[in-house]
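Novice: Just so we're aligned, residue 1 is where the sequence shown starts under the UniProt record's numbering, counting upward by one.
Please note: incorrect hints may appear among the correct ones.
Straight line, CA to CA, 20 Å or less: simulated DMTMM-like cross-link-like pairs of lysine to aspartate or glutamate [to be verified]:
1) 191 to 176
2) 54 to 30
3) 172 to 190
4) 187 to 134
Rather than coming from a laboratory, the hints here were simulated on the basis of the structure. From a predicted model like this one, the values you see are computed outputs, not experimental measurements.
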Amino acid sequence: MFTGIVEELGRVEHIEPQHEAVRLSVKGPDVTSDARAGDSIAVNGVCLTVVTSKKGVFTADVMLQTLAHTSLGALKVGTRVNLERAVTPATRLGGHIVQGHVDGTGEILARTPSEHWELVKISLPFELNRYLVDKGSITVDGISLTVAEVDAESFTVSLIPETLARTTLGFKQPGDPVNLEVDVIAKYVEKMVKAHD
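Input sequences plus hints: build the corresponding full structure.
Specialist: Right, dumping it as structure tokens:
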């Protein structure tokens, strides 16, 4: 489990094709400071399992299905990525409950800068629309964000300078893909309501 509070901007160091997977090597000195094999690290919101960790770089195996259903399939050597270690019982839950299980992908549609923040509009797969509400939570590339506005095919988030400076949303442009994870609580509520219909 994660919180959606990005700890570090990492960088893809190497992508090694394997049979039905790729081995991804990511540089992230902060998140690897105590990482061991078997630990979980979210990469752009996708929960990956550490295979090795040394000298500030960790490796993780990414299955072809994950590459096909998330934006990780578009990664290249040198791409910057959002990194977060899994929470511990002593961790502050600064964002919201994030599983690292991507529900779909969207695309940056527009960026509108303001003096103190920036509005970013992102496309939304139809099947995820029912889980979003104004002022609700969504995870975009592993970043816990508050939905400013939602319509049938997109939603908007307002990014503060700290988020712009410390995450990939500070430089992603229209056309760039992003991973989306809706609030798991909304999914549980939907299931409970359907059970009583």
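Novice: Mind checking the alpha carbons of residue 54 and residue 30 for me, to see if they're no more than 20 Å apart?
Specialist: 12 Å, holds
Novice: Holds or violated: residue 187 with residue 134, Cα cutoff 20 Å?
Specialist: 16 Å, holds
Novice: Mind checking the alpha carbons of residue 172 and residue 190 for me, to see if they're no more than 20 Å apart?
Specialist: 32 Å, violated
Novice: Take a quick look at whether residue 191 and residue 176 sit within 20 Å of each other, Cα to Cα.
Specialist: Status violated; Cα separation ~32 Å.
Hints 1 and 3 from the list above are not met by this structure, while the remaining hints are.
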